[in-house]
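Note that the protein sequences, when read in sequence, are chains A and B. Residue numbering for the first sequence follows this note's numbering, beginning at 4 and increasing consecutively. Residue numbering for the second sequence follows this note's numbering, beginning at 165 and increasing consecutively.
No lab work stands behind these hints, which were simulated from the structure alone. The model shown is predicted, which means the values in this text are computed figures rather than measured ones. Where is the CB? At the ideal position from N, CA and C, for every residue including glycine. Just to be clear, a hint being listed does not mean it is correct.
What the hints assert, rightly or not - Here are the simulated distance ranges between beta carbons:
#	chain 1	residue 1	chain 2	residue 2	range
1	B	S223	A	W206	14 to 22 Å
2	B	E175	A	T420	50 to 58 Å
3	B	E312	A	R171	56 to 64 Å
4	A	P83	B	E312	53 to 61 Å
5	B	H183	A	E400	31 to 39 Å
6	A	D15	B	E315	41 to 49 Å
7	A	D389	B	E315	46 to 54 Å
8	B	R199	A	R434	44 to 52 Å
9	A	D313	B	E315	42 to 50 Å
10	A	A324	B	G266	46 to 54 Å
11	A	A151	B	H183	16 to 24 Å
12	A	P89	B	E312	55 to 63 Å
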Amino acid sequence: MTDEPARIGDPDELPLTGAFRVDGSALDLADYEAAGGYQALRAALRDMAPGDVTEAVSDAGLRGRGGAGYATGRKWSFVPMGDDAPPVKYVVCNGDEMEPGSFKDRYLIQGNPHLLIEGMALACYAIGASTGYIFVRDQYDVPHALLARALEEAHVAGYLGEHVLGSRFSLEINLHVSIGRYMCGEASGMLNALQSDRANPRWRPPHMASAGLWSRPTVINNVESLCCVPGIVRLGPERWRALGLTDEGGTRICGVSGRARHTGAWEFPVGTPLREMIEGRAGGMRDGYTLRAVLPGGASTPLIPAGDLDIPMDFDHMKKAGYGLGTATALLVDDSVCPVGLCLNLLRFFAQESCGWCTPCWAGLPWAVGVVNDIEEGRGRPEHLDLLAEQMWFMGEEMCFCDLAPSATKALGTALTIFRDEFESHIADGRCSYRARGSATGAGAAGAAPNGAGPHEGDSPAQPPAPPTPPTPPAPPRRPGGLPGLAPERGR
Amino acid sequence: MLTDDERSEIEATLHHYPHRHSAAAGAMRIVQRHRGWVSDEALADIGAFLGVSVDELDSRATFANMVFRRPVGRHVILICDSDCCYVMGYEEMRDHIAARLGVGLGGTTPDGRFTFLPIVCLAQCDHAPAMVIDTDFHGDLTPERIDEILERYD
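So that you can see chain B by itself, here it is in the shape it has in the complex (with noise of 0.2 Å):
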């Protein structure tokens, strides 16, 4: 069942869009706001009230790659791992961090407090490398400065 904050959310873009079905791709994101990801369940009630086939709810979903079809930890780092992050040597902060944490990329700590993933350029070439930990940006890194970053997050 969507939650009534979730369905006032919803609600309160559908007169964006002339066709109700068109507020699929936000509505996913509003439940992924509160939920942390979008499980199967959340989608048919998504599709129920927008009046959208499960199935093509999850080919959009599927296709996005910021809907998480499966659970994630608190907290989720996105390290960018375009052209400057790897001119920029990326792959050194990857490897940091995957040590750091016991997970490679798509790995969630056991304790939940982390998912590790990758994500395309976050347009902070000018600070490479970079990458974003739930919506904070984080550039110019360096195995330093993600031990003092990584920190901050409980």
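Just chain A, same shape as in the assembly (with noise of 0.2 Å):
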């Protein structure tokens, strides 16, 4: 074909991203089709029953995308199955992309939103699902054009619709915009605001594969996982697994930003260590910035020091090492950049976005943000640094529904750690040396006043009354300066 567009890649080997266009725009279908696409879905409507689906995607060790790396396979196959499973189930794909540091949905949907739909298809058929949502966050206007455009060619060319290539499947595919919220990305949190409901966390059990979607059976999946699904079908999970660095196996995009020499996301096998990504894909550091540290995938994630940049990236090297994967798109800290202005930024989204049900992050998460604020204003005593650690147990594992306060506290904890020097000096000094320096990060008047949780002791006094748009989340406790009383018992 002598109109084919260049591409990135052998999609054998990129599986996710090698039919991607040179030039960064959208596959339409016959694009797609040209590179395979939809051959997946043909295949398992024709050869594979449902349960061969989800034991292909078991046996190809997927682990979910979005940041937990569950076992995919695994997840499905605790949907009811057979005559007497609900006849009504759902697959919503969870597309909210909010993790501050992750970009890797918004450029597979971009770059190929055909993969995703193939993808959702096929999971829908695994389970026995015959409507799938796709939900998108609000500032996704040019992914939703795309998907919208795609799922419009799909249905012309009987992907989607009444007997699915002359099947018995039959599957439509809805699209879903966000009005905006973290918790809309928590997967049962999700599953409220599809609803149209608040989108706090539910309580488990019941578990979403029993009773999810207006509590129907659902299964929820991350872009990047459903995006896997056409790969392992049309390679075989054997091959796929094998494109892995790890046992873990496969591939996953990965993205760097922060001041490297190339910032961007990349398609990497499974296992590439962060030094790979760092120093090879993204060039190094830009002159004149030395690393410091990373954070590997997401707010939600641990700290990594630079020296420790040679794990191999898959979910259970990172878990033995201490660190976390989550969703493998790293924010690079650089000496410019004050340690304790970047927890502090860190705690005052998760405070902001906190949904008010929990009490240890609701309460917790403002008092935290009011003790490093202190720390980072020049305020802070020596005993705000134990009192911190205390905070990190309050909200940590096990005390609340979902994991927006236990996320929280990861960051914070390895900062306190490997930047402990910083935390110090801060104090000692009393003022934050980079906002002395002026440096571009440390500079600026004060804190950003953080949509809707409240006023700070930092706010810029320019700062009109309340914004008119975002949330209210519960008034931060006023404290003039330490946290006094609470002590929690330390349960380990």
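With the hints as a guide, dock the two chains, each given alone in a separate frame, to form the complex.
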């Protein structure tokens, strides 16, 4: 074919992005088909029972790309199947992508919206769902438009609708645009948001595989997880798994942001170490900047010191090393960045986005913001460091319905170790030396007011009263200085 | 009163959901697209149309960060204040925009041209610092670039 577009790679080696056009524009249906698109769906409908698709995904070792890393095939296997199963089931694609530092789902959808649709179709076939929802965040107008067009093309071509490709399987996929809020990205919060309810998390059990969206069996997968499925079915689980460098197998999108020479997102074999991404693809640091730490996969992951970049990037290796993989989009923290200020920025984000349901979260996060803000602005006291450690226990695992507050403690917890000297010097000097130097990052009037999180001591006086749009979570407790009195018993 | 256009656009989404009230979030977006914001009256109209109580609807609206319950300017600037943009110096961009517009975050310029708001990570981290104006992404911001970009919106 003479008019076939230049592609960035071989779809057999780069099943997620190989078919992408070099110019970055989205593939249309003909392009995608020319690159082997919808062959997996065709083969599955012809040769595989629904359970075979789930088994292939399990055998491939695919783990959720949204950050938690739960085994995708296992998740699907919990959905009731067979004649006694509820007739209505759903697959929901999580395209909320509001995790700070993550920019891979947008990249995938904008490169090849049909890959996601084929992945959704395979997932729906595997669990016996005839309706799917793609949930995208509010600012994703371009991905939304591309998906809408791709859904139409897929309908016309018979990949969606009644009797897909002449089979007994019928499927409708709907697009749902969020009205905004980080909590919509939490799986059970997303189901509430889809129902147009408040996006509070749900208590489990019941698990969503048995009672999810509108109380029907539901599977929720991240955009990238679903985009992996066509490759698994097309190449076969063994071949797909062998693409990875470690036992976890496969490929995934990894990104680099911060002061690297070339920032961006690329498809890598699972298990590629951070050093190769940063020093190889991203070309190392820009002149004049030294790497000090990496936030490897979004705001919810622990910091990795710059000396520890050779760990294979997969869920198990990262966990064993005491870190987390998250979304695998890495933020580089260089020597111009105040680590205390960065922690404050992250904590403010979580405090602002708390849904207000669980006390450790809605009460604990604003307190932690207050303490770190005091340290950053020169009012810190030595005992604040132990106090923060105590607060992190209070907001830790299993204290809340969802992972928001525990996630918020990850970067701070590691920062207190890696950058202990920075916290101590802020306290000893009574000021932030980065701000005093006026570095680009540390400079500026004062901390930005997080939208809706209420005024903080450092807010710019020029700030007008209240923003019109943002939500109003419970007001953070006003604290003049350190946090008095709160002394939960240490449980471990 | 909902306009005919608003009503028919909302109706076109009803078949996506098994229950009428689940179209409420989308309905608020539709009204906001037409009017710029969602007034108390509009909220009551949506509630009546979809069979949702106004308080329930307001609880959803105020939980979300992209339903404007007060009037906004002709253009809405959303500047990312998350970690990557922090690292790449968004505070300077925020202060530059605020100084140029003469209003801080949460404010609307007296001429009604711009409303200036913060937003959670826009997933433009490889082009931080970043912002969105209306539906247009703008990355790799510098004060000079911001001046040039703002000129395009009147």
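Now for the hints, and whether the structure bears them out:
no.	hint	in the structure
1	B:S223 x A:W206: 14 to 22 Å	19 Å, holds
2	B:E175 x A:T420: 50 to 58 Å	57 Å, holds
3	B:E312 x A:R171: 56 to 64 Å	57 Å, holds
4	A:P83 x B:E312: 53 to 61 Å	57 Å, holds
5	B:H183 x A:E400: 31 to 39 Å	35 Å, holds
6	A:D15 x B:E315: 41 to 49 Å	48 Å, holds
7	A:D389 x B:E315: 46 to 54 Å	52 Å, holds
8	B:R199 x A:R434: 44 to 52 Å	48 Å, holds
9	A:D313 x B:E315: 42 to 50 Å	48 Å, holds
10	A:A324 x B:G266: 46 to 54 Å	50 Å, holds
11	A:A151 x B:H183: 16 to 24 Å	23 Å, holds
12	A:P89 x B:E312: 55 to 63 Å	56 Å, holds
Of the hints listed earlier, there is not a single one the structure fails to meet.
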